[in-house]
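2 protein chains.
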Amino acid sequence: MKIVIVGGVAGGASTAARARRLDELAEIIVLEKDQYVSYANCGLPYHIGNVIKERQKLLVQTPERLKQSLNLDVRVGHEVMAIDRHQKTLTVRALATGETYQESYDNLVLSLGATPIRPPLPGIDHPQIHVLRNIPDMDAILATLDAGASRAMVVGGGYIGIEVAENLIHRGLQVDLVEMMGQIMATLDPEMARDLQYHLEAQGVKVHLKTAARSFAPVAGRLQADLSNGEVITADLVIMAVGVRPNTALAQACGLPIGPRGGLQTDKHMRTIDPNIYAVGDMVETESVVTGELMLAALAGPANRQGRIAADNIFGRGSQYRDTQGTAIVKVFDMVGGSTGASERSLQRANIPYRKVYLHPASHASYYPASSTLHLKVLFSPDGGKLLGAQAIGFDGVDKRIDVLATALRAGMTVFDLEHLELSYAPPFGSAKAPVNMAGFLGANLLRGDHNFWYAEEYPEKTNLGCLIDVRTPAEYEEWHIPGAINIPLNTLRDRTVEIPTAQPLFVYCRVGFRGYLAYRILVQLGFEHTFNLAGGMLTFSSFYRTAYSTGQANYPAIAHAEDQVAEAIIAQSS
Amino acid sequence: MKIVIVGGVAGGASTAARARRLDELAEIIVLEKDQYVSYANCGLPYHIGNVIKERQKLLVQTPERLKQSLNLDVRVGHEVMAIDRHQKTLTVRALATGETYQESYDNLVLSLGATPIRPPLPGIDHPQIHVLRNIPDMDAILATLDAGASRAMVVGGGYIGIEVAENLIHRGLQVDLVEMMGQIMATLDPEMARDLQYHLEAQGVKVHLKTAARSFAPVAGRLQADLSNGEVITADLVIMAVGVRPNTALAQACGLPIGPRGGLQTDKHMRTIDPNIYAVGDMVETESVVTGELMLAALAGPANRQGRIAADNIFGRGSQYRDTQGTAIVKVFDMVGGSTGASERSLQRANIPYRKVYLHPASHASYYPASSTLHLKVLFSPDGGKLLGAQAIGFDGVDKRIDVLATALRAGMTVFDLEHLELSYAPPFGSAKAPVNMAGFLGANLLRGDHNFWYAEEYPEKTNLGCLIDVRTPAEYEEWHIPGAINIPLNTLRDRTVEIPTAQPLFVYCRVGFRGYLAYRILVQLGFEHTFNLAGGMLTFSSFYRTAYSTGQANYPAIAHAEDQVAEAIIAQSS
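Protein chains in written order, with the working numbering: chain Z, 10 to 584; chain H, 10 to 584.
None of these hints come from the bench; they were simulated from the model.
Be aware that a few hints might be false.
Chain copies aren't distinguished; within one or between two, either way the pair holds.
Claimed, not checked - Here are the simulated lysine to any residue pairs, SDA-like style, with alpha carbons at most 20 Å apart:
| # | residue 1 | residue 2 |
| --- | --- | --- |
| 1 | Lys215 | Asp235 |
| 2 | Lys395 | Asp426 |
| 3 | Lys395 | Arg331 |
| 4 | Lys76 | Gln534 |
| 5 | Lys76 | Pro483 |
| 6 | Lys277 | Phe425 |
Same shape as in the complex, but just chain Z (with noise of 0.2 Å):
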């Protein structure tokens, strides 16, 4: 058995790894255009920020040491031209020396990744208009870089354009991100996006939303770029951080079709509709677990488990790629945002209907130190609550929930199985009711008609209908509320229901879901049929509409009624 794959990085290095423990005496060649193999990509930005401080640990692969532990024939520097699928040969040519050759193969597998767009604008080949993707494009930047820069600008708000930015500031310049969309990371929805914009901005980086580059000129040896909105930015670097296309431009010569996405198209055995021919990685199209589209999914551990699954049935063993759910997740700064499966807009888009549920509890036990809020929401289905997207926000344990929420999505759950999921407690690390299961409760109250929501999406011609009530403390209501709303806090509801009109719906609301639950309860038991709690209450809010809470910041010091908070938490957690 002769395998040759091309491209040396997560997923041909996979299948690389798997072939050889598959099969000790296969011949496996491995041939890669750049000089790099199997290195840390997703650390590059890193390295930048000298966050890793040392090259070299991104680098520890080498062809001698593959060749070594693996018994695997790399070489790097080596572009495959032409792939010849009658006599099942490749046409390659070895950069060092221009001398083409020819390679033989039993089976091809094709990890050619993708490559950074770089929109055709004026000025765009300006050597200080770089991207980041390997090794080379980072030591271009920081060369850049080392020659001494003050001001960046990162074209793209998505996790490669985050990462710069919070990197460059690490090194101390003056960044400018511009996003074409009117919101950064475009797999969050936008209200969850926007605590993450604001801590962006609260840590420097100024954010151009809904602003594109037009074009770019060098002046006195920095560059001047041209903004949609009118603005000029001079910079000593850009970094274009748009988006990749895959590398399927061999693919297409010896006639693999491509997909809608752009593409290369497999069967779930990462087999194209040639049988001796497999792709992985960011250049193939994948179908959405949750909405069955086609899709395009740059992500690290879907590329790594297609290698496998390639190597698997290169021997005949039947494994097959179980669809990606986009699970996905950034740092930005103190901050963390995760998501995983279908957003809102991608329900919408796929015309699947959903109901969604928003809150905002404590990432672990409120009394214990160093708790701070996390943002979640989740979307399920109407009928049956199957589980259909997740996103949450927050500086602590971001992470853990989207994973529970991953696996919990992966298995078909729905919002009644989260009620009763059994997730690991002690103050240091949740709550006794954890996230993921307050997330099942609301999501099975909705369901079940013991509550029903109003959403911030709807203010102010849904509220306009009826009686907005904001049953938070009077000081909280002093502080800031929602223009139009009266004030009767919960603790004095049952006795001021006289007050309360009764030929129009209700619009109850507080600091984030939970007191207001317990109003829209007793309201509703009490004859007030029409009534309606804000999903996720203020804090929500807050991410639609800019407020006083809307601070990027972890537990909002800028409204800190800690007493009323521990009560909703204590509330919350011990009952």
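Given the structure of chain Z, go ahead and fit chain H onto it with the hints provided.
Here is chain H on its own, set in the frame of chain Z:
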């Protein structure tokens, strides 16, 4: 509807709050013998250590507040003396006045908790021998400490004992921990508890295993404890943390049946044999999700959920408790130990067949700062690979992995399913091949026949029957190796097969099991069919037997072959 709830902490408070939400008009009375309701009992050890600085933080709920927010009639200092099931009345004693009165109920919920065991030892009633269950217990311990104490003895190495020992060290005391079994933390298997023990010792706690307290005697204002091993310890205070006994006397007296484990029996609706009496929390027996055995699970999460379920059923909602997994976690200074499902010990006791894997992945990408080694053990069925239990020990990310595995176990997932989980990955949070994925790979490889283990507990009987081969580097081998092992580093293995005996089984090992796995694959395919790889490698071996690796420290600084460790991690991550 008149509901009386006996006991106002976790289970009782949950019942009351849920009942109020379900019925605004119900009369809900909570009778609590002590002076405190719905306090943060899991926080008690941390206030002793001044980690939680303000006592008030543990005590936010008061009868007044619960009246205001939930319209509950909470009576502290009221003890129920008898239940008349026929008349549906209680005899209640107001402890402050000594007066008794009758209280009727439509539905009664018992949430009486459990009482710390004070074994009947000579001198056990000495006032400086404490337990820690509630606020008065905590206050008594604090008073003893404030009176000037320099040495403490903790009896019992479970959650409470360990948490108290840590917090007494924080207070500057000298601490001896005495445990009758051969390990601390009986919910973990012994080899998993070992690192926690080493870490406790490294932090200054003197651990005495297989040792019981025999008697206590006052000596010059202090306490002298005679231990079963002949040692005598003189301390200023003793904390008894040897377990709890369900408070079932009241229930027994009115004829409600007690189960084989000493707890009250209920059905899945938390209903006793009396259709109007429910019971929840530490006083009831529940079934294990995995073994089906009845168990007493003194855990906050189950108590809270049972309270909700009792309230549901009072109002005719048929919700059911879905049995107990026993998910639990404990912080031990900088380390954390957690578990879910069955332990190996409990599977053996229940005669349930199982297989097991050990692994030691990095808590997050090893090239990103502050990564540490995680120790993971996963138990699963031999046919089908269904998850049966998991244990994790480490410095970071233990809670996350236990929660993911708890969710997967609850969902009925197999090790084959773990291979496909799509968990959140960025360098600060994990690895592209997540530790839980890796556990799946190991388990699935084993069940598919791609990998076979020998286990540390089989040393030396089994390994004496064959050839023991250390496949680590010569430097690692020189530093420490298993007596009798020869050294054939993985990287030279393919060239040195002539040196390997063909007539006897081969027992290979490395540091964590990964290089051993590669060696296994090579050897088996080259005809050495009777090859076995040490599960978990030297690190698991060092939990069974004390070696130079047995330090209880992050990343085993005593043997820091940084380069090899990184190589292992990167191979594992990228391939």
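Hints, verified against the model:
For the homomeric pair Lys215 and Asp235, the shortest alpha-carbon distance inside one copy (16 Å) is at most 20 Å, but the shortest distance between copies (68 Å) is not. Taking the shortest alpha-carbon separations for Lys395 and Asp426, both the intra-copy value of 9 Å and the inter-copy value of 19 Å come in at or below 20 Å. Proximity of Lys395 and Arg331 under a CA criterion of 20 Å is satisfied in both settings, with 18 Å inside one chain copy and 18 Å between copies. Taking the shortest alpha-carbon separations for Lys76 and Gln534, only the inter-copy value of 18 Å comes in at or below 20 Å, while the best intra-copy value is 73 Å.
For the homomeric pair Lys76 and Pro483, the shortest alpha-carbon distance between copies (19 Å) is at most 20 Å, but the shortest distance inside one copy (71 Å) is not. Taking the shortest alpha-carbon separations for Lys277 and Phe425, only the inter-copy value of 16 Å comes in at or below 20 Å, while the best intra-copy value is 31 Å.
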